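Asker: In case you want the letters, here they are:
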Amino acid sequence: MSKPIVATASLAGCFGCHMSLLDIDDRILQLIDLVEFHKSPVDDIKKFTKMCDVGIIEGGCCNSENVENLRDFRKNCKILVALGECAIMGGLPAMRNDIPVKECLEEAYLGSPTIDPKDPKIIPNDDDIPMILDRVYPLHEIVKIDYFLPGCPPRADLIWEALLTLATGKELNIPYEVFKFD
Amino acid sequence: MGNIAEVVSKAVESYQKDPTRLLDVIRDVQDALGQVSDEAIVQIGHLMNLSKVDVEGVVTFYHFFSKSPVGKYTVYLNNSAVAVMMGRGAIAKAFEKEVGCSFGSLSEDGKIGLYDTSCIGMNDQEPAAIINGVVFTNLTEKRVKELVTGMKAGRNVSDMVKDLGDGNNQSELVKSMVKNNIRQRGSVLFAPYESGSALRKAVAGTPEDVINEIKNAELRGRGGAGFPTGMKWDFCRRAQGERHYVVCNADEGEPGTFKDRVILTEIPEMLFEGMAVAGYAVGAAEGILYLRAEYMYLKKFLEKVLDDLRKKNILGKNAGGKTGFDFDVKIQMGAGAYICGEESALIQSAEGKRGEPRNRPPFPVQRGYGGYPTTVNNVETLCAVSRIMVEGGKWFASMGTVQSRGMKLLSVSGDCDKPGIYEVEWGITLEQLLKTVGGSGAQAVVIGGPSGTIVGKEAFGKKVCYQELGTGGSVIVISKKRNLLEIVHNFMEFFIEESCGWCVPCRAGNVIITNKLEKIMAGNGTKTDLAELESWCKIVKGMSRCGLGQTSPNPIATTIANFRSLYEEKLKKVEYETGFDLLKSVQESCKVANRKPKIEGH
Amino acid sequence: MSELTFFIDNKECKAKKGQTITEAARDNGVYIPTLCDYPGIRPAGTCRICTVKVNGRNMAGCTTPVEEGMIVENKTAELEDMRKAIIEMLFVEGNHMCPTCEKSGNCDLQALGYRYTMMVPRFPYLWPSREIDASMPKIVIDKNRCIQCLRCVRGITTADGKHIFGTLHRGDKTRISADPELVAAMTDEQAQKAMDICPVGAILKREVGFKVPMGKRKYDSAPIGSDIEK
Ligand SMILES: Cc1cc2nc3c(=O)[nH]c(=O)nc-3n(C[C@H](O)[C@H](O)[C@H](O)COP(=O)(O)O)c2cc1C
Ligand code: SF4
Ligand code: SF4
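Residue numbers (my numbering), protein chains in the order written: chain C, 1 to 182; chain H, 1001 to 1602; chain A, 2001 to 2230.
Read the hints as simulated data drawn from the structure, not as lab findings. Check the hints yourself; a few may be wrong.
[As the list claims (entries may be wrong)] Facing chain C, according to a computed beta carbon distance under 7 Å, are these residues of chain H, among others: (1) Y1576; (2) T1578; (3) F1580; (4) L1582; (5) S1585; (6) V1586; (7) E1588; (8) S1589; (9) V1592; (10) N1594; (11) R1595.
[Claimed, not checked] To spell it out: a stretch of chain A is covered by chain H in this simulated footprint if at least three of its residues, at any positions, have a beta carbon under 8 Å from a beta carbon of chain H; those stretches are: (12) 2040-2047; (13) 2061-2067; (14) 2089-2097; (15) 2114-2127; (16) 2153-2165; (17) 2179-2187.
Predicted, not measured: the structure shown is a model, and the values here were computed from it. In this text, a Cβ means the ideal position worked out from N, Cα and C, and glycines have one as well.
Turn these sequences into a full structure, and let the hints guide you.
Answerer: See below:
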């Protein structure tokens, strides 16, 4: 069997989940033997050029670009994994979900104390800037997600176990100490 | 409007600071001030030595109490499924247009408030509303205009009632336009009855004799659950306690039921006498009629009936002429909460608390009102008791079917020619019933109200009785022209509104399954969604604490079982669908940023 | 004191008269998950996680007294799945941002999520709008995290028995609230007790926080209930 192809991305996340992936330490060498990385910040491949077996996504969706990215992953990956709290339930960015978008934008761009009073007060609206969603969405509220790995970030050992399972088909082993929501 | 401190202290004093009368205190304040403000709540707490949060908990639990002002005139328009079927939508619009505010709010001048309310027990004469306690039925747009004009002109609400209803609705103390619509009289409830005859018979024997007679009649409770009345009384009688209580459940909140209202209007003597018989049987000296707030318009009349019965010595000291048997009845008003029909929630409410059911055991017959053994019985049950005393248990048991003896009052409404009250023998088939009420050709029948079952044509041959199609009395006929899923949705909104909120599966679960139903109704459901909906109904039913949550998914569960194709037609033939709409979700931010949403390829 | 014999999943158990099913189970080394229950206060039966089958009927173990010869089913696949569903309902009903919560690691709800390996709730998040009440001198109430277990209502009262906490509204709008006067008069001790009694991070004592480091918290290394199952 050829090596499974893995793609990863961070949407509305902090890259902490990716950092945690790197936290598997020297097992990363084993991982390179086990899987081939495709589109991912790990190898800086920017575009899908082939079908991938597994897509791993950290972060939820807070803007239109996140949504497009996520849909792109769904199209190009057989299995999608939501990695970490933000992907699973919006996480910290979702703390804005109870605040009207108008208030958020005004606070950020018009009323914030860090705004230079000399600058024109506008809410950025260039067509190239992604559009903000009404709230932050967990991934599975937008596309089908096959697996979820909780944690903020998910512990490196949990990620490792999950990758092993996905790459080798062995049964998923979850030690209690690594299954956490924080 | 009086001064808050004055009003509160007067209200508190008139109930001697008795915490069990908290609902009455709050009602007096609400009536006098048009609201129960934070300030009033704090003062009630101080004067009654209760913590503010407990008083506020009660104020915010009941639909007819409000912390914010609800106007000099407060319109509560029924939003139950049958009201909607009978044209509530247009009536609501007419009110909104005439008053100038939308439902759930107060007019600009603060004079008129418009609010929705759950079924008010007038399903046979919808659309209907309660304005300052006065019931207006069969509303038309024209009538709404008149009413609003009247309110704007400051008219007295009761003066705006034009034609009075039939029977005792015309009594000086009722003067209501409500109609009884008794379509079929049977031999138990609506046959001639001589006041005093039941109690005379009862007290001639021992309490055990009475209980045995009820057992022989195989009478089962008419409130819905169908518990054997004789057995309940037996438990209650045997339960240890300094005192015992008889409580009559006149909360009648199940949408589509209105038979208790007609009993209360036409044969209250028979009911109160039944309570006295129950009191004699279980050893109680006090009875409480827990009357739903929607039936406030009957209160004065019922008080008068009680007075007359006292004069006739059917109530009071040595009731029924039996030395040593003292029994009297008081009326406790509810304040708008369907859950208070559940017997233990009713007791909590009658004790002046939030109407949250209790954990059982202990059951009310062990520890009920005030902690004393209490039998809670439905209005109709207690009337049947009176008849059984006169005619005998054997006579009663000779009617009906094996496990459902005697006759039953049905409240029939919806798409039929003759909505109203039917006294039938248990065991009548739905088909026969539909024919009698002029509802043949129905698409579906809701039997037992939202918490009961929704059945289709295949089941019309079934009998109305506990073994086949049990009911507390509500029968709603639904013609082919109706969208059944919308009716199901209306029922689910009812349960969400009326859940007491105590336990998780009912409080959160009903919202969750209703959202799922909405997803399917919007055309965004898949096969998986339908399967999930089905299994989530089981979770809510299986894990909820009381009868409300244990039955609230029934509208969905029984229509999935009996009308599956209605759901399947709506499903998308895709594997996964979230219903997420990118364009919609960026609308707001684009508007704020003053840009045009640009969505390519979606 | 008289002893009763009853059975949980075919295991013969002993109970003292008056004991509830969950209490007796605990004494017999059987774990029935609980959440709203708390030692020393009257059981309320709000969460329903302790639901067991008694003679074929679903009953809350925390409010049902043991009776002689009772047959209790506890760890069936059906019940375990329904319990997990309740935990998931609580996670979607409020706004539970564990990474931001001071109670994380010591939270009973989270611990149940761990025990039942909740990867993601099966239900869609409800994103309710709930307030954080920081108006009180000794404590903060974050209603986003409140699971309405009523532990605080039942367990924290004034010397003369008045409720300091209570519930407002009904149905899905039910919210916990504190009596402004009584809560202002709370002692430090009471505030600490309130924080401890709250199973989640809804009641927090002011001015202390994140005292116990990760790895040392209550549920960091062993699942909830493992002290009972031996
Ligand atoms: C949510 C709920 C609402 C109820 N509403 C009523 C009611 O309005 N009237 C009534 O008589 N029983 C009602 N019941 C049933 C009562 O709990 C109780 O069984 C009944 O009053 C007993 O009287 P019975 O044995 O004469 O029927 C309700 C039960 C539940 C769970
Ligand atoms: S089932 Fe519903 S109404 Fe009954 S106790 Fe639970 S929340 Fe309250
Ligand atoms: S504040 Fe805490 S203790 Fe009180 S009801 Fe909410 S979760 Fe329970």
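Asker: Now look at each hint and say whether the structure bears it out.
Answerer: Each hint tested on the structure:
{"no.": "1", "hint": "Y1576", "in the structure": "holds (4 Å)"}
{"no.": "2", "hint": "T1578", "in the structure": "holds (5 Å)"}
{"no.": "3", "hint": "F1580", "in the structure": "holds (5 Å)"}
{"no.": "4", "hint": "L1582", "in the structure": "holds (6 Å)"}
{"no.": "5", "hint": "S1585", "in the structure": "holds (5 Å)"}
{"no.": "6", "hint": "V1586", "in the structure": "holds (4 Å)"}
{"no.": "7", "hint": "E1588", "in the structure": "holds (5 Å)"}
{"no.": "8", "hint": "S1589", "in the structure": "holds (4 Å)"}
{"no.": "9", "hint": "V1592", "in the structure": "holds (5 Å)"}
{"no.": "10", "hint": "N1594", "in the structure": "holds (6 Å)"}
{"no.": "11", "hint": "R1595", "in the structure": "holds (4 Å)"}
{"no.": "12", "hint": "2040-2047", "in the structure": "holds (count 5)"}
{"no.": "13", "hint": "2061-2067", "in the structure": "holds (count 3)"}
{"no.": "14", "hint": "2089-2097", "in the structure": "holds (count 4)"}
{"no.": "15", "hint": "2114-2127", "in the structure": "holds (count 4)"}
{"no.": "16", "hint": "2153-2165", "in the structure": "holds (count 5)"}
{"no.": "17", "hint": "2179-2187", "in the structure": "holds (count 4)"}
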